[in-house]
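J.: Since the structure of chain A is already known, use the hints to place chains B, C and D on it.
Number of protein chains: 4
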Amino acid sequence: MKGSRFPRRMDVKPGMTVNELVKEFGMAGYNGKRLSEAVEIYEKMIDDKDCVKVLTAAGALVAGGMRNVFVSFIRAGLVDVFIATGGSVLTHDIIEALGVHHVQGSSFVDDVKLAEKNVVRLYDVFLDKSGYTKVEDFLVEVMPKMPQKTMSPKEFFFELGKHIKDENSIIKACHDMNVPIFCPSFTDSMTAFHAWVYSQNHDLKVNPQLDIKDIMEIVWQDKTFGALILGGGVPKHFIAGMMQASGKELDYAIQITLDRPEHGGVSGAPLKEAKSWKKVSAKGLVTDVISDVTLAFPIIVAALLDYKANK
Amino acid sequence: MKGSRFPRRMDVKPGMTVNELVKEFGMAGYNGKRLSEAVEIYEKMIDDKDCVKVLTAAGALVAGGMRNVFVSFIRAGLVDVFIATGGSVLTHDIIEALGVHHVQGSSFVDDVKLAEKNVVRLYDVFLDKSGYTKVEDFLVEVMPKMPQKTMSPKEFFFELGKHIKDENSIIKACHDMNVPIFCPSFTDSMTAFHAWVYSQNHDLKVNPQLDIKDIMEIVWQDKTFGALILGGGVPKHFIAGMMQASGKELDYAIQITLDRPEHGGVSGAPLKEAKSWKKVSAKGLVTDVISDVTLAFPIIVAALLDYKANK
Amino acid sequence: MKGSRFPRRMDVKPGMTVNELVKEFGMAGYNGKRLSEAVEIYEKMIDDKDCVKVLTAAGALVAGGMRNVFVSFIRAGLVDVFIATGGSVLTHDIIEALGVHHVQGSSFVDDVKLAEKNVVRLYDVFLDKSGYTKVEDFLVEVMPKMPQKTMSPKEFFFELGKHIKDENSIIKACHDMNVPIFCPSFTDSMTAFHAWVYSQNHDLKVNPQLDIKDIMEIVWQDKTFGALILGGGVPKHFIAGMMQASGKELDYAIQITLDRPEHGGVSGAPLKEAKSWKKVSAKGLVTDVISDVTLAFPIIVAALLDYKANK
Amino acid sequence: MKGSRFPRRMDVKPGMTVNELVKEFGMAGYNGKRLSEAVEIYEKMIDDKDCVKVLTAAGALVAGGMRNVFVSFIRAGLVDVFIATGGSVLTHDIIEALGVHHVQGSSFVDDVKLAEKNVVRLYDVFLDKSGYTKVEDFLVEVMPKMPQKTMSPKEFFFELGKHIKDENSIIKACHDMNVPIFCPSFTDSMTAFHAWVYSQNHDLKVNPQLDIKDIMEIVWQDKTFGALILGGGVPKHFIAGMMQASGKELDYAIQITLDRPEHGGVSGAPLKEAKSWKKVSAKGLVTDVISDVTLAFPIIVAALLDYKANK
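Chains as they are written, first to last, in the numbering used here: chain A, 240 to 550; chain B, 240 to 550; chain C, 240 to 550; chain D, 240 to 550.
Be careful, since some hints might not be right.
Since the list can't tell identical chains apart, any single copy or any two copies may satisfy a pair.
[As the list claims (entries may be wrong)] Derived lysine to any residue pairs resembling SDA-like cross-links, with alpha carbons at most 25 angstroms apart:
| # | residue 1 | residue 2 |
| --- | --- | --- |
| 1 | Lys373 | Gly486 |
| 2 | Lys522 | Gly265 |
| 3 | Lys288 | Phe347 |
| 4 | Lys252 | Met416 |
| 5 | Lys388 | Asp442 |
| 6 | Lys522 | Glu355 |
| 7 | Lys388 | Gln439 |
| 8 | Lys356 | Gln439 |
| 9 | Lys547 | Met255 |
| 10 | Lys550 | Gly254 |
| 11 | Lys404 | Glu259 |
| 12 | Lys352 | Ser485 |
| 13 | Lys252 | His340 |
| 14 | Lys401 | Leu443 |
| 15 | Lys522 | Cys290 |
| 16 | Lys252 | Asn549 |
| 17 | Lys384 | Lys547 |
| 18 | Lys401 | Thr372 |
| 19 | Lys352 | Ala521 |
| 20 | Lys404 | Met266 |
No lab work stands behind these hints: they were computed from the structure.
Chain A with its partners taken away, still in its complex shape:
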């Protein structure tokens, strides 16, 4: 994908589709080009019948309005495995499913006054704090109906999916499409806190360590592996680490992040670096899109839905 000459420079025109735009980005440089590479690589993952397509998500993406984009992507059958953080992805999905919505706000506000109004802030998005009480009430109601045993987060979220009515819920969409949800940092979430409280005098216990067993069954298969990594963090590190632990390698990898590489942290580390670790294969196709996920991810999904519809 590199070294080629621009056949021509990118252009735009009235009425063009997102897919046409993405093709044009293929004529640009920098992150425009990379967005087009991201779509190309994911298309190859779709075409590769042996490919396990992993989607990882960290960051306040439900607050950022990405919930339906995730659901459209998952329900289109374009995701095989979902790895997410417990708080800003999964707990916020439950909050929305319970009817408390994230609303557009502003980052230029008096946070102490917001606190007095019971409103919490995620940059320029507001959320009524009652969402957290609803999550507690919901979990207290449904946990007794779930199997009373020690579960992995994967099993826990699958069980939870049975009790969510909202068709636009990520957790429900994963349940319906049989896409496992892994959550290695589960403990760091309000959902986990309520699960822990409940576990004090019940047999339903969650142990994130059990996600290792569940994901190992997937990565030990004779398959190829591809990942679309949103925002880095533990979900990125976990899929990479499970490749390392199992001796497997990602054959395709795409990441979208605004984090920097120069301090060595995992979220901003270019995917090329993962080749030294053999977390990505030597010939693996990779691209790093330096962008806010809320900007690049919907474009990628729109283009891939088009690709699938015209296949």
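T.: Structure of chains B, C and D alone, referenced to chain A:
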């Protein structure tokens, strides 16, 4: 534009147009939302018949493949004033006009080996260094044909536009559409270097200070003013400074940048900050899109071309 | 701390101490000033006898050479609680304790060739991959000597600390100083992977959920709370979340990060935002230092060691 | 400087000097290490008797409290050439020289209210807008006393230096130490605006193009060249461009910036990239410190003052 509830969350679908996508971004948070605000604000600038629409450009945008996007935007009549850096915008436009093209390369290369091959690098874009010799040859050829007097950069680039054949040249498009090009940092460019060499024994001299007179004639008009600011830098600072000097204020301002605000530099300073300076009016509509220009700018232009076509 | 006039501007002189430099930074703006605020706030935490001083660490900080800085800080008695990621902080600490050292490398390398030499890369730092085999061997050797029961990561790392000989180990320093180590994302680490393998046919099992109980016992105390947050991530989110869950608030908070705020992610979110959540108290003293941790953290620790020595 | 093993990891101790700290940073990774490389490279520039030491400055550094740091550096004889932006470096220096001081403020403020109070904001620094009136008054007073001819910015600032009384002025320090100040983007500043107004009916005219002649006389010397680049922008691009134009190359280069490289802009472009352009020599010693200038620059100057004092 703030404080409103999401009417619903953003969604994507197969075959959607860029304009539909931008409307959907209006339902998101963070930079997705801001991209949609950028389009909305520019649409208001188009609808406001009194608005002088200023486009400023800093950064290696021609190398990034944005040349035709600029040209489509300018030729559609959507830009009234263009302020750019002399090097990576204007000199690189001349290089392309002379048939030497920026090509997609890679940032993971041995720069010393590139140097040996006479190839220069701008992140992941390559350029044959012969482009600079062609610029010199071209200027040596056309400067004798230009008026032999002291000119502002604005006059100089207008004269230059007469001698460029390439319809996809930004300089020629500005010439054809009568859009003045200001270049307050002209001296910091190879074009300026060759102009200085020529001026040693000719009467054609360029003085960037004269751009002040030329832009003052524009800003002293009884008009409203709006700016789309790509990448910050001197072009951003200059339009803001000319507002300050003339006692005028921007009524609309949009910026696209990846620079940070926390070190006080102008390129990353949020537009809200410019309200303290009265460079932007107290009620001015502003939005800051944190994004690579190569990603956000083509989307904005595509949506605006659509807006104009359907008006 | 804000609104004050510069008594004078910052100055530097030959032979000045780090502590004198930090005082001078108090006369600067932007992140220079904030570094000085960070030291001032932590000094208040030291002076406040009721304050539980929490240090959180995410990012490849051991690879970045920060290990001894952590150890000096902890052994000086200036840390009460440590929350870290399992991989790049704790597993890398074990690797170093086993004699495999991170070495200065370069980010401009062929990662595939590094992989062939069994060398892994963290930006410009290299590590011999044999470190991971040593970790496995070490764990296989010491886990049978540990209590065969279900433990929290806190208990697990305390037990591990008994078997580490290296005085410069963070885990051993915490053990020796009775500083609990919490690791809510434990599952996402090679240490956790080997613990899981071992747990398949032994009674020693680790459950990260049990860290909730252990940290609750700390936060439910009638104390004040302060946090120095390095790099954000799960450790930051966990201490903030446990405040939220327990109805407590941080009275002091300092963060050092290069992540951006504008996409809503937790790592780059300014601490002021946490006031809307009541994770930080309305009157809580906070500062955000936008810096690579390897640059700002050693300066802060050097200044605080000086403060303690002269108290 | 790369590929070496850590002789040991960095450590800190009470009472250490800034110079000792910098030596310790030499044992770290990432930007800690690079800060130490920056000092090492500048020390070599000092030791190299043939080296022309160029300091470039862009960004709101006077507002950031760096003025005395610049002055100490210049008055110690450690700078041969200074290239700066006209606004936030040079005009702000004049404002301070006229007794209007930048004061510590906050970035969380109502900018419209600030505007009503005649206070302008640069991130978390405030400035009384009367500073600009004082600059106008001062220039109107001193310009008639200056040679009435066309000057380069270099000549203009040297003449201006004669009329500034404040020993802590950067412009005066450069004048006193005979350090030329180049300002290729002069036109983009309030100083330039007033110079242009004055030039309308006087013979004192400034032409930034003439800075090319003045700097060419320096770079055409048979010398080695080294640059410490603060914040990128036009000053960085200009020294690099003048190397390109003259066929010379930087033998040493250090940059401090928070800008990113991935969009191809000059401010964030790693210095290694400049080797493809032969703006930096193939064997040139370079380092990129990813940091706010207000944090890294004072440390570097403090260490270099120490180096000079002990030489």
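J.: Among all the numbered hints in the text so far, which are the ones the structure does not match?
T.: 3, 8, 11 and 17
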